[in-house]
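Enquirer: First to last, the protein sequences are chains A and B.
1 is the number of the first residue of the first sequence in this note's numbering; add one for each residue after it.
1 is the number of the first residue of the second sequence in this note's numbering; add one for each residue after it.
If you are wondering where the hints come from, they were derived from the structure by calculation, not from laboratory data.
Some hints could be false.
What the hints assert, rightly or not - Okay, derived cross-link-like pairs now, DSS-like style, lysine-lysine, Cα gap no bigger than 30 Å in a straight line:
1) A:Lys67 / A:Lys228
2) A:Lys207 / A:Lys71
3) B:Lys155 / B:Lys105
4) B:Lys80 / A:Lys71
5) B:Lys80 / A:Lys67
6) A:Lys207 / A:Lys228
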Amino acid sequence: MTAASITVSETPLVLYALRRADDALILGHRLSEWCGHAPMLEEDMALANMGLDLLGQARELYAYAAKVEGKNNTEDTFAYLRDVRQYRNLLLVEQKNGDFARTMVRQFFYSAFADLYWRAMMTSRDATLAAIAAKSEKESAYHLRHSSEWMMRLGDGTEESHRRAQAAIDDHWAFTGEMFTVDASERGLIDAGIAIDPERLRPQWLKIVSGVLGEATLARPANDWMQKGGRIGHHTEHLGHLLSELQSMQRSFPGATW
Amino acid sequence: MVNHVTRDMELRQRAWDAAAQVVDPEIPVLTIADLGVLRDISVHDGEIEVAITPTYSGCPAMNMIAVEIEVALERAGFRKPTVRTVLSPAWTTDWMSDDGRRKLKEYGIAPPQAGRGRRALFGVEEVACPQCGSTDTETLSEFGSTSCKALWRCKSCREPFDYFKCH
């Protein structure tokens, strides 16, 4: 017996919370995959710590989505019982860990955005989202500092680390544009002061990214073509594999508890 | 009426005293009152509700702390206390009591530095070694054995130590 997927009533606010929850859960899961494999013990702990912060953020957001939706869904059913096409995360966060440079570039691009995003969201007219933002903003500041330091160490390190870091930047760049996109569902929330317009964060994001890459002797790609789709469930091939591992227990043994 | 209010105030104080004894399972020298995790206790018709706030979003100690509070209150004679998690205002190390900071240092963990700018992208922090007091120290890792700590090393006495991060 396997557990079937749930259905979700994606009203604008439910969808908005789910998208951010999915970002945090998927990136947190990716970081947790390093547990026991990181290049050194300190990094193993750092990545697990950041993964835990993201998992905590995801839980708060899922719990809020469940409350707003007002059906029988819970944070667990959102995480374990939605199929790949029902996931709403950014394509950036589901990319594979690859080598350490790829993991750090993905983290740096996301953290530079998340840090600005959560700080801006502290002014949301939605009290729960503002409270989640106030907590997340403190955590994202550490995540950004950590990944920024690694960008410099890798970019300005050896020839090999520089080459790998630059390749990772070039490969992930096309996934960064999705962070700043807004659709009709979110436009209404922005107009109501519940969400913020991510487009206004783009200049600051570019400034942070350009500044760190410059220090790290790494080049910002000139190519401005951007890929998107994660927000409406069109994912890269990697997410399905990730979910099959994340969900295997609840799919195979529905309702299993510790 | 007055008796009722007085009784609730006494109950609340007794409940607070009991809950305030619960320690952080990861840093057992600190109570949840020292940490500022214990936010509020309210009494409605003799029913106790405790409000706690997480240090970090994913702090795994929160579930255990909630259970320990329930146990402590039931031991103190309160039946079916409830524990609620509140997110706002967000927890900050500024809420840590002076007593808590002293106990941390004696335990070998450098207490959080008041008023440090965690926002500085590459900020230089001056953290005194809890063993020898020297400020000639360096960061080994921003992340330590728990979410709330970083790993540091003293360059004077060569001892590594945990630093309770400003948050």
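Enquirer: Each hint should be assessed against the structure and marked as holding or not.
Expert: Each hint tested on the structure:
Of the supplied pair hints, the one linking Lys67 (chain A) and Lys228 (chain A) holds, its CA atoms being roughly 29 Å apart against a limit of 30 Å. Restraint check for Lys207 (chain A) and Lys71 (chain A): the C-alpha separation of about 42 Å exceeds 30 Å, so the hint is violated. For the hint pairing Lys155 (chain B) with Lys105 (chain B), the CA-to-CA distance comes to about 18 Å; that is within 30 Å, so the pair holds. The suggested pairing of Lys80 (chain B) with Lys71 (chain A) holds, with an alpha-carbon distance near 27 Å, which does not exceed 30 Å.
A threshold of 30 Å between alpha carbons decides the hint, and for Lys80 (chain B) with Lys67 (chain A) the separation of about 24 Å falls inside it, so the pair holds. A distance of roughly 22 Å separates the Cα atoms of Lys207 (chain A) and Lys228 (chain A); the hinted pair therefore holds under the 30 Å criterion.
When the structure is compared with the earlier hints, a violation turns up for hint 2 alone.
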